[in-house]
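Participant: Order-wise, the sequence lines are chains F and R.
Under the UniProt record's numbering, the first residue of the first sequence is numbered 1, with each subsequent residue one higher.
Under the UniProt record's numbering, the first residue of the second sequence is numbered 1, with each subsequent residue one higher.
Just so you know, nobody snuck in bad clues.
Taking CB as the label site, the calculated pair distances span:
{"hint": "1", "chain 1": "R", "residue 1": "S435", "chain 2": "F", "residue 2": "V12", "range": "20 to 30 Å"}
{"hint": "2", "chain 1": "F", "residue 1": "S69", "chain 2": "R", "residue 2": "A21", "range": "45 to 55 Å"}
{"hint": "3", "chain 1": "F", "residue 1": "N80", "chain 2": "R", "residue 2": "M731", "range": "44 to 54 Å"}
Taking lysine-lysine pairs in the DSS-like style, the calculated list, with each CA pair at most 27 Å apart, reads:
{"hint": "4", "chain 1": "R", "residue 1": "K3", "chain 2": "R", "residue 2": "K14"}
{"hint": "5", "chain 1": "R", "residue 1": "K341", "chain 2": "F", "residue 2": "K74"}
{"hint": "6", "chain 1": "R", "residue 1": "K341", "chain 2": "F", "residue 2": "K120"}
{"hint": "7", "chain 1": "F", "residue 1": "K135", "chain 2": "R", "residue 2": "K15"}
{"hint": "8", "chain 1": "R", "residue 1": "K3", "chain 2": "F", "residue 2": "K113"}
{"hint": "9", "chain 1": "F", "residue 1": "K136", "chain 2": "R", "residue 2": "K17"}
{"hint": "10", "chain 1": "R", "residue 1": "K163", "chain 2": "R", "residue 2": "K149"}
{"hint": "11", "chain 1": "F", "residue 1": "K112", "chain 2": "R", "residue 2": "K418"}
{"hint": "12", "chain 1": "R", "residue 1": "K14", "chain 2": "F", "residue 2": "K136"}
{"hint": "13", "chain 1": "R", "residue 1": "K3", "chain 2": "F", "residue 2": "K112"}
{"hint": "14", "chain 1": "F", "residue 1": "K162", "chain 2": "R", "residue 2": "K341"}
{"hint": "15", "chain 1": "R", "residue 1": "K72", "chain 2": "R", "residue 2": "K613"}
{"hint": "16", "chain 1": "R", "residue 1": "K418", "chain 2": "F", "residue 2": "K113"}
{"hint": "17", "chain 1": "R", "residue 1": "K418", "chain 2": "F", "residue 2": "K23"}
{"hint": "18", "chain 1": "R", "residue 1": "K341", "chain 2": "F", "residue 2": "K76"}
{"hint": "19", "chain 1": "R", "residue 1": "K418", "chain 2": "F", "residue 2": "K76"}
It should be emphasised that the hints constitute simulated quantities derived from the structure, not laboratory data.
Yeah, the Cβ is synthetic: ideal placement off N, Cα and C, and Gly gets one too.
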Amino acid sequence: MLLQLNNIFKWVQQGGQRVFLLKDINLTVEEGEFISIMGPSGSGKSTLLNVIGMLDDFDEGQYEFLSESVHQLKEKHRANLYKQYIGFVFQAYHLIDELTVYENLEMPLLYKKHSSSERKAMVADMLDRFNIVGKKDLFPTQLSGGQQQLVGVARALIGKPKLILADEPTGNLNSAQGEEIMDLFKQLNKEGVTIVQVTHSEKNAAYGGRVINLLDGRMV
Amino acid sequence: MIKNYLRIAWRNIKKDKLFTAIKIGGFAVGIAACLLIALYIMNELSYDRHYTNKDRIFRVVLQGSMDGEVLKSVHFQQLFAETLESTYPEIQKAGKINTSELFGAGRRALRVKGEVESNLEEGFVFADQEVFEILELDLKEGNPNEVLKNPGSLVMTEARAAKHFPNGNAIGKTVYLDDDTNRPYTVTGVVKVDPLKKSHLDFDYLMVIEDKNSDWLTTNYFTYILVDENTDIAGLEAKMKGILKDYYIPAQVERGMGEGFMEVLKTLEYKLQPISDIHLKSDIKMHDGLKHGDIRFVWLFAAIAGFVLLLAVINFINLSTAKSANRAKEVGLRKTVGAYKSSLVNQFLTESVVFSFISFVIGVLLAWLLLPTFGSMAAKSITMPWAEWWFLPTLLLAALIVGIFAGLYPAMYLSAFKPANVLKGNLSIGSKSGSLRSGLVVFQFTTSVILIIGTLIIYKQMNFILDKKLGYDREQVLVVQGANVLSQNAQSFKERLLALAEVKNVAISDYLPVEGTKRNGNSFKKVGEGTQDGTVPAQIWRVDYDYINTLGLQVANGRAFSEEFASDSSAIVINQAMAKQLAYENPIGKQINNGQAWTIIGVLDDFHFRNLKEDIAPLSLVIGNSPSIISVKLSAASSRSAIDNIEQIWQEYVPQQTFEYTFLDQEFAEMHDDVQRMGQIFNSFALFAILVACLGLFALSAFLVEQRKKEISIRLVLGAPFKSIYRLLTMDYMKLIMVSIVIATPIAWYMMNRWLEDFAYRIEISWQVFFWAGILALLVALATVSYQAIKSALVNPANSLRSE
Numbered sequence: 001m002l003l004q005l006n007n008i009f010k011w012v013q014q015g016g017q018r019v020f021l022l023k024d025i026n027l028t029v030e031e032g033e034f035i036s037i038m039g040p041s042g043s044g045k046s047t048l049l050n051v052i053g054m055l056d057d058f059d060e061g062q063y064e065f066l067s068e069s070v071h072q073l074k075e076k077h078r079a080n081l082y083k084q085y086i087g088f089v090f091q092a093y094h095l096i097d098e099l100t101v102y103e104n105l106e107m108p109l110l111y112k113k114h115s116s117s118e119r120k121a122m123v124a125d126m127l128d129r130f131n132i133v134g135k136k137d138l139f140p141t142q143l144s145g146g147q148q149q150l151v152g153v154a155r156a157l158i159g160k161p162k163l164i165l166a167d168e169p170t171g172n173l174n175s176a177q178g179e180e181i182m183d184l185f186k187q188l189n190k191e192g193v194t195i196v197q198v199t200h201s202e203k204n205a206a207y208g209g210r211v212i213n214l215l216d217g218r219m220v
Numbered sequence: 001m002i003k004n005y006l007r008i009a010w011r012n013i014k015k016d017k018l019f020t021a022i023k024i025g026g027f028a029v030g031i032a033a034c035l036l037i038a039l040y041i042m043n044e045l046s047y048d049r050h051y052t053n054k055d056r057i058f059r060v061v062l063q064g065s066m067d068g069e070v071l072k073s074v075h076f077q078q079l080f081a082e083t084l085e086s087t088y089p090e091i092q093k094a095g096k097i098n099t100s101e102l103f104g105a106g107r108r109a110l111r112v113k114g115e116v117e118s119n120l121e122e123g124f125v126f127a128d129q130e131v132f133e134i135l136e137l138d139l140k141e142g143n144p145n146e147v148l149k150n151p152g153s154l155v156m157t158e159a160r161a162a163k164h165f166p167n168g169n170a171i172g173k174t175v176y177l178d179d180d181t182n183r184p185y186t187v188t189g190v191v192k193v194d195p196l197k198k199s200h201l202d203f204d205y206l207m208v209i210e211d212k213n214s215d216w217l218t219t220n221y222f223t224y225i226l227v228d229e230n231t232d233i234a235g236l237e238a239k240m241k242g243i244l245k246d247y248y249i250p251a252q253v254e255r256g257m258g259e260g261f262m263e264v265l266k267t268l269e270y271k272l273q274p275i276s277d278i279h280l281k282s283d284i285k286m287h288d289g290l291k292h293g294d295i296r297f298v299w300l301f302a303a304i305a306g307f308v309l310l311l312a313v314i315n316f317i318n319l320s321t322a323k324s325a326n327r328a329k330e331v332g333l334r335k336t337v338g339a340y341k342s343s344l345v346n347q348f349l350t351e352s353v354v355f356s357f358i359s360f361v362i363g364v365l366l367a368w369l370l371l372p373t374f375g376s377m378a379a380k381s382i383t384m385p386w387a388e389w390w391f392l393p394t395l396l397l398a399a400l401i402v403g404i405f406a407g408l409y410p411a412m413y414l415s416a417f418k419p420a421n422v423l424k425g426n427l428s429i430g431s432k433s434g435s436l437r438s439g440l441v442v443f444q445f446t447t448s449v450i451l452i453i454g455t456l457i458i459y460k461q462m463n464f465i466l467d468k469k470l471g472y473d474r475e476q477v478l479v480v481q482g483a484n485v486l487s488q489n490a491q492s493f494k495e496r497l498l499a500l501a502e503v504k505n506v507a508i509s510d511y512l513p514v515e516g517t518k519r520n521g522n523s524f525k526k527v528g529e530g531t532q533d534g535t536v537p538a539q540i541w542r543v544d545y546d547y548i549n550t551l552g553l554q555v556a557n558g559r560a561f562s563e564e565f566a567s568d569s570s571a572i573v574i575n576q577a578m579a580k581q582l583a584y585e586n587p588i589g590k591q592i593n594n595g596q597a598w599t600i601i602g603v604l605d606d607f608h609f610r611n612l613k614e615d616i617a618p619l620s621l622v623i624g625n626s627p628s629i630i631s632v633k634l635s636a637a638s639s640r641s642a643i644d645n646i647e648q649i650w651q652e653y654v655p656q657q658t659f660e661y662t663f664l665d666q667e668f669a670e671m672h673d674d675v676q677r678m679g680q681i682f683n684s685f686a687l688f689a690i691l692v693a694c695l696g697l698f699a700l701s702a703f704l705v706e707q708r709k710k711e712i713s714i715r716l717v718l719g720a721p722f723k724s725i726y727r728l729l730t731m732d733y734m735k736l737i738m739v740s741i742v743i744a745t746p747i748a749w750y751m752m753n754r755w756l757e758d759f760a761y762r763i764e765i766s767w768q769v770f771f772w773a774g775i776l777a778l779l780v781a782l783a784t785v786s787y788q789a790i791k792s793a794l795v796n797p798a799n800s801l802r803s804e
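Here chain F stands alone, though its shape is the one from the complex:
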C-alpha cells in the first residue's frame, strides 16, 4: 500500500456555515496503480489531489503515506516526504519563465543534496529520455505547449518519485499533444510509477486502471 485516506473532511467557513470541499473521503492507493479522478467543475478533484500531494491541509481524518501519519507530521517533515516521493504535473505546466529548460529540470535537484556532477548526469539523462536535448537552452516561452508539458513531466520525474500527481495534464494541449502525454504516463506506469490524475476527459480516464468519481466533495 502506498497511501491511504480515511474519513477525510475539508471545509471552509462561509457566512457562518461550513461549506464542505471534501466530505468523508476514503481512498487506498496501491503501488503501481494508475487512478483517474473525474467529476464536474467544483466537485473537489483538485482539492483532493492537493491533499494527497500534501500541498493542502484537511480538517478531519487520517492520511497514511508509506506508513507515516501525514496528519501528525510537522510542515518540514511533510515537505521532506513529498519532496522525496511525489512529483507534480500541472495543467498550466508551471515552468519558471526565467529559467531555461535545463535549469528548470535541475531545480528540484538543488533542493536535495546532489553534487553538481550528479545533477548534470541526471538532467542529461532526462533530456535524453524525453528527446529534448536540443531544447535545453531554450526558455519555456520559446516552446510549444506540448513541449512545455513534456518538460513539466520530466521535471516531475527527475527526483525518481514513487507517485506522480497530475492535475489535468492535457487541459491546455491539443489532442495530438495530449495523446502523447497520456502515452507517456502509460509507459511510466508500466515502469512502476504510481499515477493519480485529475481529468475531464473520458478518453484520458480510460488510460488509468481505476476511476474515482467526485460530486460536491463526495466520492460516488
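Based on these hints, arrange chain R on the given structure of chain F.
Facilitator: Just chain R now, with coordinates in the frame of chain F:
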C-alpha cells in the same frame, strides 16, 4: 545553489527594466544622499581630533547668570593663564590667544623689509609659546622651543611663507605690519598645515603676545590648558573658583561694584570645555567670533540622511511585495519540488543583496559626481576617503546590511505563499498587505512634506533676514580695507573722495554693523547717581563725524555729532537699547562713565549690528580715531566708475598697497551665509527625498493599475467614461497624501519652531507654508499617478480581458 539564485535574480532584473530601474535608481539616489551627508557629518566631527593629548586639552569658559539669563564668556585676563599654571599643579600648561581686531588681530598689511609692496593679509592672531605647544603645532622651519618667546616673533603658515619669501628661508627675516617700521617683526617659524588636521582656530599668522596688562578686569584672551592625565575635571573646575575669590572679585570690589553685581559674581564658575567640543558645541553667547558648526545641525542632517535611506528601503519593500504576483508562481513551484521556506528566504535575500550592491555602486558614483557641487554649497572641502582602509569595507558591509534589511520583509512575505493557492492561478495579488503598503506610502510622503515645509520656512527666514530693515542703510556702501596705511593722510584722502560726484558720504571707522569688524566691551556707570548700583555693559565705537550719516543711522532724540561743537570730543551717542538699560527719563545731557566721563548728546534708533540670531545690545558711539576701514556711501547705480575713481585716488596715496574693498551688503549676506547654506543643503535633500518618494509612488501606481487592469477593462466595457476611471485610480493615493500632510504639519511646525527659536528676529510660521507644501506634494503625486492612470484608461479593454 547561490549561482542559481544569482542567475534568476539577474534575469528578473533584466526582464522588468522599468521596475528594476526604479528599484535600483531610488535606492542609488538614497544611498548617494546618505553618503554625502555622512561625509559632511564626518567632516564636522573631525575638528580638533588630531592632538595626541586631545582628551587633556581644554578651553576655559566662565559661566554665570544674571536675571535668570545664562552668561558665558571665553575671554580672560592676560594674567589668567600663568596664574592657572602656577596655582594648580595638575595644569601642565596654560596658554592664551587673542583674536580681537581691537588689538591688531585679523587683517593686517604685511611688507617684507627691503620690498616696496605691502600685502593686505588676513588671519593674524596673537598667541604665546604655551598655546603653540598645547595645540601641537608642527614647525617646518624654526625652533619649536622658542618660536613665540621673544618680542617681535612672528610665525606664519607654509603657504604664506611661500608667498612672501618665494626663494625660501623665511626664518630670521624682518617684516612690517601696517608699515609700522618702529615695530618690526621677525619670522621665527613656519608652520606645516595638514588639511586633515582641522582646528576651530583658523589662522595664517601668529604674533607673539607682548601685552603686560596685569588688570583683572580686562579680558581679551582665550585661555587653553593642558592637564595631567587622569585629572578630575569637575574637581579642577571647582578648585578654580579660587581664582575668582583671590583675584577677580577683589578687583571688582575695588572698582566699587554695587550689591546687584555682587549677586552676579556669586553665580560665576569656570568650566573646562574639551577642545574637540569647541567646533560643534559652543554657545553663540560665548561670542568667540569663530566660525562654528552646530551639533544640532549634525543631528538634523543625520536624521535626514537616515530618512532618505529609509525612504529608499521602503520603496524597495513596496516594489518587491507589489510585484509578488510575478514571483508567486515561482514560489509555489519551488515549494512543490521541495524547497523549504528557509531556502526561499535565502533566495530572496540574495536577490535584494544583489540589488543593494548594484545600487551602492551607482549611488557611490553619483555621490562622487555630486561631491564638488555639494562641497561648495556647504563651503567645505569634502573628499571621498577612497584611500582610507575602512572606507570600502564599510560600504560593502553597509550594502550587505541594507540589502538584508530591505529584503527581509519581502522575503518573508513571498516565501509564505501556499503552493496550493498560488498554483491554482487565482491569487489575489498582494491585496492582503494593502494596508501595510498604504502605511509605508504615508510614511514616505509625510517625510517629504516635512522636508518641503522645512525648506520653505528656512527660505523665508533667510529672505526675512536678508531683507530686514536693519536700521541702517547697507546698500551702495563701499568698504575700503587696510586704510590705516594712509595714517596722517586719511583725512585728505577722505576729502578727495568727497569731491567725487559719485560719492555721497565718507566715514572713517573700524566699527561696522557686520561681523569681522572691531568690537569691544565696556561697562558704563551713571555719574552722579550713587544710589543706582550695577553697570550697563555696552560697546563703545570710535567713529568720525560723518559716520551716522554715511550709514544712514536715525537719530531718535537729541542730535548727532557735529564739528561745530568743540565739546563733542567728550560727547557720546547711545542706542535705544542702552538708553533703556540706563533708565534715564531723558538721557540727553546726562553723564556716564567708563573710566572716562561722557555726556549723552543723542539717542539713535536701534540698528542691528550683530548677527540677527542675537538681540540688539547696548551700543554707544564716540568721536575717535580708528583708521583701518573707510566706508564710502555711493550715489545709486554708479558703482563701477566710482570704484575705478576711488582706486585711482588710492593709488596716488599708497602705490605700494593694493586697493582692497568689499561692499557692506555683501558682508552682511556673508554674516548670514550659514543660514543661506543651510537652506541650500536642505533644499537639495528635500529634493532627493521627494524624488525617491515619487519614484516609489510611480512604481506603486503602476502596480495598482496592473492589479486592477481587469476591473478597469470591465468598467470600460460597461461604458465608464475616462474621467471616472481616472478618478478611481488617483483618489486612493490622493487620500493617502492628504493623510501624510495632516501628519506632517504638526511635526514640521514643532521642528521648525525649534529652529527659529535660535533667531532673535524671526518670521512667524503662517498657515500658507503648510498649504503650499501640501499643494506641492499633492501635485507631484498627482502627476506621478496620472501617468499610469491615463495609460491604463486608454488601453483596449479586449486585450486585458482576453487573457482571463
